[in-house]
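Undergrad: Given next are the chains, with one letter for each unit.
Protein chains: 2
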Amino acid sequence: MSDDTIRNRRIVLAAHPRGLPTPQDFRLEDAPMPAPAEGQILLRTLYLSLDPYMRNLMDAVGPVYAEAVKPGETMVGGTVSRVVASRHPDFKPGELVLGNAGWQTHALSDGEGLVRLGEVERPSLALGGLGMPGFTAYVGLFDIGQPRAGETVVVAAASGAVGSVVGQLARLRDARVVGIASGADKCRQVVEELGFDACLDRREPDLAGRLAAACPDGIDVYFENVGGEVFDAVLPLLNIGARVPVCGVIAHYNDDAPPPGPDRLAGAMTAILQKRIRVQGFVILDHYADRYEEFRREMGQWVDEGRIRLREDVVDGLGAAPEAFIGLLQGRNHGKLVVRVAAD
Amino acid sequence: MSDDTIRNRRIVLAAHPRGLPTPQDFRLEDAPMPAPAEGQILLRTLYLSLDPYMRNLMDAVGPVYAEAVKPGETMVGGTVSRVVASRHPDFKPGELVLGNAGWQTHALSDGEGLVRLGEVERPSLALGGLGMPGFTAYVGLFDIGQPRAGETVVVAAASGAVGSVVGQLARLRDARVVGIASGADKCRQVVEELGFDACLDRREPDLAGRLAAACPDGIDVYFENVGGEVFDAVLPLLNIGARVPVCGVIAHYNDDAPPPGPDRLAGAMTAILQKRIRVQGFVILDHYADRYEEFRREMGQWVDEGRIRLREDVVDGLGAAPEAFIGLLQGRNHGKLVVRVAAD
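Chains as they are written, first to last, in the working numbering: chain D, 1 to 344; chain C, 1 to 344.
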C-alpha cells in the first residue's frame, strides 16, 4: 500500500511568481487523509490537467474570470478521479468523475460540478480534446472564427491541446490550415499525423517571411492563443474581413510589466480598421450552458471515427507537475499535457 | 461674375505630409474650365466635405480601402454640386447632386456614383448626418456596438460629425452616453444641445480618473474613432462582453512610425481575452448596398422630428480647406466640417 493511500499529498502555491514560474514557487505538502462528512465524497485523483490559464491564477491579482490562488493554497486544476468513499446519495465508490480537485492526490467534494464519466477507454481525454481544451477549440473556431471552405486558417501552438484540435476542425470545414509550432519534430507530426496543410517552426529565423510564403492568399482566421511575435507575423497577412478569436496570450502570461516599445497597439488598431477585422476574446466557462452538449456529441463522434486525433503528453507523478507546467509555458509539451497522479 | 465661373480652381496634393499636414502640403491651382463631352455633365461645387479619412489618402501608400492621392493630383472628397451643363440624358442643368468631385470648384462627371438630392433645405447635410458620417455612426453603433437600454456607451470626438450622431443614436436606444471632446465649450454643447448624459474635456488632466467616475457601471460600448490616450482610459473600464466598433484612429493618422513604448498591445489583448471584448473594424463603403436605404429613411425621420440634431461647422471658400482640414485633425472643428465652396 503506497503512502498515497493514507496521506493526501498536494502542491500549493509557495509564492507569486515573478515572470516565468520556478520550482520554488510551488511546494509539495503532506496532509492527513481527509474523511468525508455526511453528503461528501472522497476522490482519488487519477489525472490532473495542466493548462496555460493556471499561470494567470498564480498572480496576486487574478484574471477577471476566476479567483486567484493565494500562497499556501492548493493549486487549482481539472481532474479525473475515482470515488474512493461516498456519503453522498448520488455517487458510489468506484465511479469515475470529471471535476476540479486541483493539484493533489485526494480531495473531498460535495458533488457540485462533478460529471460522471462512466467507464471510458481513455478517461484523460475528458481533460483534453473531449473536455475544456477541445471545447475551447470548437467554440473559438466555429462560433467566432467561422472558417469557410477554401479560406486560410492559421493556428499557433499547433501541437498543443487547443491548437491541434483547432487545425483539425478547420480541415473538417475544408479550410487550408497552417500551423506554427516549436521545433521540427512537432511540425512534422502536425502535418503528418494531424493533417495540417503546413506547419512552421517558430524557432527558425524569419517567421514573418515564411508565414507569408505559406499563406499566398493571406489569412482569413487567426486563432490567437499565443500573442507576441506570432501575432506580429500574422497581422500584415490578415485579409479583409478576417476573424481573430482570442483564447490566450501565453507569450504574455509571465510579463511583469508591459513589454518595451515601440507601441504596436496603434498599428494593430489601424489594421483592424482598414481590414475590417474582428478580434474577439472568449473565456470558455461562458459557453458550457449553450454549446457543450453539441460539442460532446460531435467531437465524440469525430474522435470515434478517427477524423480528429488527440495526442497526449503524459507525465507521471504529482511531484512532476511543477516542472511540467513550467515547460508548458515554454511550449515544451507535445500534445495535451496531463499528469498521471495515480495508476488506476 | 466671379472668376470661379470662368476658371476651375482646385487644390492638389503638393507633397506627402510628414506627420501633421502643413499648408505647404497643398497647392491651389487654376485650370481652364472643363467642357463636358457627349455623355458628361459639368458640376459646380457648392459644398465640400472634409473628413479625417482623407489624411490616409495623402500618404505614399494609401489605406487598404482606397487609392492614395499622388502629388499633383486633386484632393479627393465628397461634394454637393449643381449641374451647370449637361450632355447626359439623365441629368438636367440646375439639379442638385451628391458626388465625389474633390477639392475643386468644378468637375466633369459621367454621372457614375452621383445621387440626385432633389431640392432640400440644407443640402450640406447630405455630407454629414444624412450622409457618410451619419451612416458610419448608424452602422458602427447599431450593427457592431449593439447598445442595450441601460448600458453605458462612450464616444470620443463627441462633437464631431460621427461622434455627435453616435451619442444621440445611443440615447435613442436608452443607453447612458458619455462623450469625450476637446474643450469646455464643446462639452457643454454636447450635453445641452445633443442630450449626452455627460461629456469630459480631454484637455483637462486625469482623463482616466474622470472617465472612471463618469462611468460607475463600466463601459459596454466604446465607439473608437480616436485611439491614443482615450483608448488607454477606456480599456480598464470595459465590461465583460463589451463591444468596440473601430471606425477611425485619428490620433495615429499622422504617425510616421510606431509610437514609442511601452508596448500596449499585449495588455490590450489580455483585456480583450479576459473580458471577452469584441473589437471590430469597419469601413463604411462596405455597407451602402445593404444598409443605406434603411439608414436614410430612419435618420431622415429622426432629423425631421428633431430627435437627432445635426450641427455643422462651415468654412467659406475653397482656399480655406487646407487650414480647416489641418484643424480637423487636431479636433478644432465643432460639428461636421464642410467648406462652402460657392454660394448657391
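Calculated directly from the structure, the hints in this document are not laboratory data. Mixed in with the good hints there might be a few duds.
Stated by the list, open to error - Once the Cα atoms are required to be at most 27 Å apart in a straight line, the calculated DSSO-like pairs of lysine-lysine come out as:
#, chain 1, residue 1, chain 2, residue 2
1, C, 70, D, 275
2, C, 275, D, 70
3, C, 275, D, 275
Claimed, not checked - To give an idea of the chain C side of the interface with chain D (calculated C-beta under 10 Å), a few residues:
#, residue
4, 259
5, 292
6, 293
We put the beta carbon where it would ideally sit given N, CA and C, even for glycine.
Undergrad: Next step is simple, just say for each hint if it's right about the structure.
TA: Okay, the hints, checked on the actual structure:
1. C:70 - D:275: 22 Å, holds
2. C:275 - D:70: 22 Å, holds
3. C:275 - D:275: 23 Å, holds
4. 259: 4 Å, holds
5. 292: 17 Å, violated
6. 293: 21 Å, violated
Comparing the model with each earlier hint shows violations of hints 5 and 6; every other hint is respected.
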